[in-house]
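Peer 1: Residue strings, one per chain:
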Amino acid sequence: MEGSISLAMPEGAASPPEPVLELRPNLSFAARNALAARDVREGIGLWRLIWKLGWLDILLRYRGSVLGPFWLTLSTAIMIAALGFLYAKLFHVNLHAYLPFLALSIILWNFLSTLVSEACTCFTQAEGTIRSIRMPFFLYAGRMLVRNVLVLAHNLPVIAAIFLIFSVWPGMAGLYVLPAFALWLVDGIAVAFLLGAFCARFRDVPPIVASVMQIGFFVSPIIWQPTTLSPRWRPLLPINPFYTLLEVVRGPLLGQAPAPVVWLSAVGYSAAICGLSWLLLVRARHRVAFWI
Amino acid sequence: MASISVRGIAVDFPLYHGSSRSLKKTVLAAASGRVGKDRQHRVVVQALRDIGFELRSGDRLGLVGGNGAGKTTLLRVLAGIYEPVLGHVRIEGRLTALLDPNLGMNPDLTGRENILLRGLYGGLSAEATKRLEENVQAFSELGDFVDLPVRLYSSGMMVRLGFALATAMRPQVLLMDEWFLAGDAAFMEKARARLEDMVRGAEILVLSSHVIEVMRAWCTRVIWLDQGQARADGPAEQVLEAYLGYKLPPLPPLEAAALPGAEALSGAAAHR
Chain E
21 MEGSISLAMP EGAASPPEPV LELRPNLSFA ARNALAARDV REGIGLWRLI WKLGWLDILL
81 RYRGSVLGPF WLTLSTAIMI AALGFLYAKL FHVNLHAYLP FLALSIILWN FLSTLVSEAC
141 TCFTQAEGTI RSIRMPFFLY AGRMLVRNVL VLAHNLPVIA AIFLIFSVWP GMAGLYVLPA
201 FALWLVDGIA VAFLLGAFCA RFRDVPPIVA SVMQIGFFVS PIIWQPTTLS PRWRPLLPIN
261 PFYTLLEVVR GPLLGQAPAP VVWLSAVGYS AAICGLSWLL LVRARHRVAF WI
Chain S
-8 MASISVRGIA VDFPLYHGSS RSLKKTVLAA ASGRVGKDRQ HRVVVQALRD IGFELRSGDR
52 LGLVGGNGAG KTTLLRVLAG IYEPVLGHVR IEGRLTALLD PNLGMNPDLT GRENILLRGL
112 YGGLSAEATK RLEENVQAFS ELGDFVDLPV RLYSSGMMVR LGFALATAMR PQVLLMDEWF
172 LAGDAAFMEK ARARLEDMVR GAEILVLSSH VIEVMRAWCT RVIWLDQGQA RADGPAEQVL
232 EAYLGYKLPP LPPLEAAALP GAEALSGAAA HR
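So the sequence lines, in the order shown, correspond to chains E and S. So that you can map any letter, position 115 of the first sequence is 135 in my numbering, and since no number is skipped, the others follow by simple counting. So that you can map any letter, position 270 of the second sequence is 261 in my numbering, and since no number is skipped, the others follow by simple counting.
In short, the hints are calculated from the structure, not lab data. Glycine included, each C-beta is placed from N, C-alpha and C at the ideal position. Careful, some of the hints might be misleading.
[Claimed, not checked] With the Cβ distance kept under 7 Å, some of the chain E side facing chain S (calculated, not the full set):
| hint | residue |
| --- | --- |
| 1 | Val40 |
| 2 | Glu42 |
| 3 | Arg44 |
| 4 | Pro45 |
| 5 | Leu80 |
Input sequences plus hints: build the corresponding full structure.
Peer 2: Right, dumping it as structure tokens:
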């Protein structure tokens, strides 16, 4: 017995009931629903692993470089500075009003757009692990989300600096960012399940998603302000899910509590995404291993 | 008590060709109302057909068969990775599947970081992870290399680390794919005792291998898989003889009794 150890609980009184793995096809919706719920529950239980994997993704990307993950901060800062210079000199825009808006918009949009594009590959990239060990699929979705939240966190100093320079202070309205960001996190997991599974099955979807996101960038008020839109069209803005989902986080940070209709739209679209995602998870969770 | 119950399972691999996999084809098929037909006529590889067996504590099952016979697929079903399209699988007990030698191993991380990561994958407590670290470090003899990135390791060190990690757990149900017995000779010598210890500690073993001597020594029962179906199922000697097509020489009684599998594993080492 030398050279080996028991990593499990000691045998006897305190040992937990043995885990049971049961697989059968043609389950009822309720049974599959329970399995999907279990996937999420067990996945959340692995939060330490998810956090670690997300961190490692960032660290390894920059391992060996002097600045490490702060390259994220620096490259964003350079981009914002260049944009500010460009707009001030070329277009004679009033930077004081515009640059905080632009910086915040671009950083938040980059988060959303990278999240969506990485959601497409969150299962296919984990192919090796999925094929060699049974793990909750939540693990792969969570890892992608953590990674992107950490990238966003590295860009926060840039926003803070811009706000300081232009003395923008969100005030109490800024507190609305908390529920809004929680909504983003839930949506992030939902999008990862939805696109992760869908893109594993249909390899044409990632390019489609990429072009949809690009269109979303131009049709949404990200580099242009909503107020530049003619009053005739402005009431239609909340139809655009990209706008309302962005605005619930951006508005409070700029000191404007989003209008109820914006909230309604953002929550409505989120509910739709979560609903679709859950249906796909219930229906296709057991098939993903065959698709990747 | 660990147990495995497999009843009449079938596993199909859908073949998604470049074209049939695309959204275009599915959308077009849906538009022309051929989805149902398409689904029935979908090209699938029948990886497993009508496989059934019951294993209880103490059972040692071997899987033999040519390449593509379904051995690894069956192990993956038992590990809960592929879910069958027909039949029923029920497994009781803590399970470890040794399917991928480099499971979760990241070449850019140091040896120690990889060990900690594996502890997290296994859901181990901080204390158990500490023990895992000590155990793996002692066995793999990495010395100071444990704090260097794995990609700097020699291939021998890499194998030692992977093996030490995989065999540190003491599962009730152990699933082992054939790669595990394919180490280099000098390493197998060292690994033998540890592997045997793990096998002996497991209540149920399911092993896939091409090495007949290992099968003979370790398995009490063998299933011969052929094109996804069980061609024979029974006592190890009997099925192996049918599979090989010749009578096996009797095992040397002394060695077989003293160290099951020892001779088989060090067989390669003897050639040195």
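Peer 1: Evaluate each hint against the coordinates.
Peer 2: Status of each hint after checking the structure:
1. Taking 7 Å as the C-beta contact cut-off toward chain S, the hint placing E:Val40 at the interface holds, the least distance being around 5 Å.
2. At about 5 Å, the closest approach between the beta carbon of E:Glu42 and any beta carbon in chain S falls short of 7 Å, and the interface hint on this residue holds.
3. Here the hint on E:Arg44 is kept, as its CB sits about 5 Å from the closest CB of chain S, short of 7 Å.
4. Interface restraint check for E:Pro45: the shortest CB-CB distance to chain S comes to about 5 Å, inside 7 Å, so the restraint holds.
5. Annotation: interface hint on E:Leu80 holds; nearest CB of chain S at approximately 5 Å, less than 7 Å.
This entry satisfies every hint, going by the numbered hints stated previously.
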